[in-house]
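Engineer: Generate coordinates for the entire structure from the input sequences, incorporating the hints supplied.
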Amino acid sequence: MYRSHTCGNLTAADINKTVTLSGWVQKARDKGFIIWVDLRDRYGITQLIFDTERTSTEVIELAKTLGREFVIQVTGTVIERESKNPNIPTGDIEVLATDLKILNGSKLPPFTIEDETDGGEDIRMKYRYLDIRRNPVKNSLIFRSKVANEVRNYLTEQEFIEVETPYLIKSTPEGARDFVVPSRMNEGQFYALPQSPQTFKQLLMVGGMDKYFQIVKCFRDEDLRADRQPEFTQIDCEMAFVEQEDILNVFEGLTKHLLKKLHHFEIKSFPRMTFDHAMKTYGNDKPDIRFGMEFGELNAIAQHKEFKVFNTAELVVGIAVPGGASYTRKEIDKLIDWVKRPQVGALGMVYVKCNEDGSYKSSVDKFYDQEDLAKWAEATGAKAGDLICVLSGNTNKVRAQLSALRMELAERLGLRKPNEFAPLWVIDFPLLELDEETGHYHAMHHPFTSPKSGQLELLNTDPGAVKANAYDLVLNGNEIGGGSIRIHDKETQAIMFKHLGFTPEEAEAQFGFLMDAFQYGAPPHGGLAFGLDRLVAILGGQETIRDFIAFPKNNSGRDVMIDAPAALDNEQLSELSIALNIQEQD
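Note that the sequence shown covers residues 445 to 1030 in our numbering.
A portion of the hints provided could be inaccurate.
As the list claims (entries may be wrong) - The list that follows gives simulated cross-link-like pairs (lysine-lysine, DSS-like), each with its CA atoms no further than 25 Å apart:
#	residue 1	residue 2
1	Lys704	Lys655
2	Lys461	Lys545
3	Lys700	Lys712
Simulated from the structure, these hints should not be mistaken for lab results.
These numbers come from a predicted model, not from an experiment.
Structural biologist: So, in structure tokens, the structure goes:
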């Protein structure tokens, strides 16, 4: 055996035991007559002591050669530690070494393997196997495992069956670019990696597997950001003979189970909010409801007052910032600069200070009197001591801009507390979205989403007004899951394809297999998919997902550790019947 115990489980109860430990050298301190070594493994740190009076000269000399990250095996006796360390579980003891073996040496690591490291993100991604030794990353991966296990436990108790679906599938339009894989045996043809197992889980419902789940890799070739990777993991679920309410209850239960098991956090019920209300009140369809600052629309009370900026705007809307009246003019100017950044895109910002004496001071005092500004305060819920921030312009754009400002202010004010959890359901999404550039509609979720009962005919007269049997689960301002009741008959699915611009021939070529399956007794069905990476990060108190993924890609979709993607040699390309047409750049 390389070890009788781990480096995290020895206590005072083990004093006088002979033990063998193995692990990595965290650090060594040589005082001449005595050497202390902190030995680390996944479970913790144990201090070793090499004492010239009690340890052989041969072992002492070998201990003097130890460097950071050396892999060693040590045998010794557990003794009471003179200077105890209350910050670690093994802080009451140390191991007096009697034997030492160097199992493997180590070069000096390119960054310190400490909780607070001196390594930047790029260098840590290049040496990710070293980064994983650090507690923040190690604990994130362990936490991810716990979440996945709890998901499986809950769904298994609910009689869900875990079924694997293929990775090499057919390319179908689902909203993002597919990753494609050439087929050597079928010259000139390609597989696609699944953006989701959408059609397969529907086929499983046709097959009678009425409760399916899978923790599955999905792939989308799209631009990246902190919470997005080209390959990501879904908790993918589907149920037959259900309505929307059935699905919401099951996955509300899963979320409650996770919060209780992982954080001892209990929630009785989840609020439900329509898509239209979320957009009007928070400016986005995944609102963070841990704090207020709800939108107050001001068109009726701010327009027609000779202020042309507001008079020509489609929407004038504001929020009340708690305690913001104390902001200096310099601080407010910085806020104005923040909303004018290209990432936000506002042209400017109007503000009103709600003074403690009940008066108002505004950047537009020239156009509005105290009575006008009092109405603004009422509409935004502003109180004495608050600051009202007002934006105006195109409705969709200004809502997005004010939503971004709301989140930024909440971050600065410490209102987005990671140990608080505020889930909600957003429901009644539009079935279709209008592409303003092309003038064509596309599915807001995917082509298999069912319209609300009785609204199918509206597709012919007012497609933008049709609501979907779709729902998103939001947690702390992040969409952690989404799904819908599916179309389960061929005729309705054909109508949907038609309104999405598919010809009958195109629909048959892309989805003929699914349409055929619907003719053999497809049951009513629906489902939901959680984004596991994002769910784990939020439950772990963060909003970026990289530290919860063992080997993530960077913002260019590259794995800098193994240097992928990489070019293929000519022999491989020839086997796949692929000729490259790459334009050289100057």
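Engineer: It remains to establish, for every hint, whether it holds in the given structure.
Structural biologist: Against the structure, the hints:
1. Lys704 to Lys655: 24 Å, holds
2. Lys461 to Lys545: The given pair, whose Cα atoms are some 19 Å apart, holds under the 25 Å limit.
3. Lys700 to Lys712: Roughly 8 Å separates the two Cα atoms, so the pair holds.
Violated hints for the displayed structure: none, as all numbered hints are satisfied.
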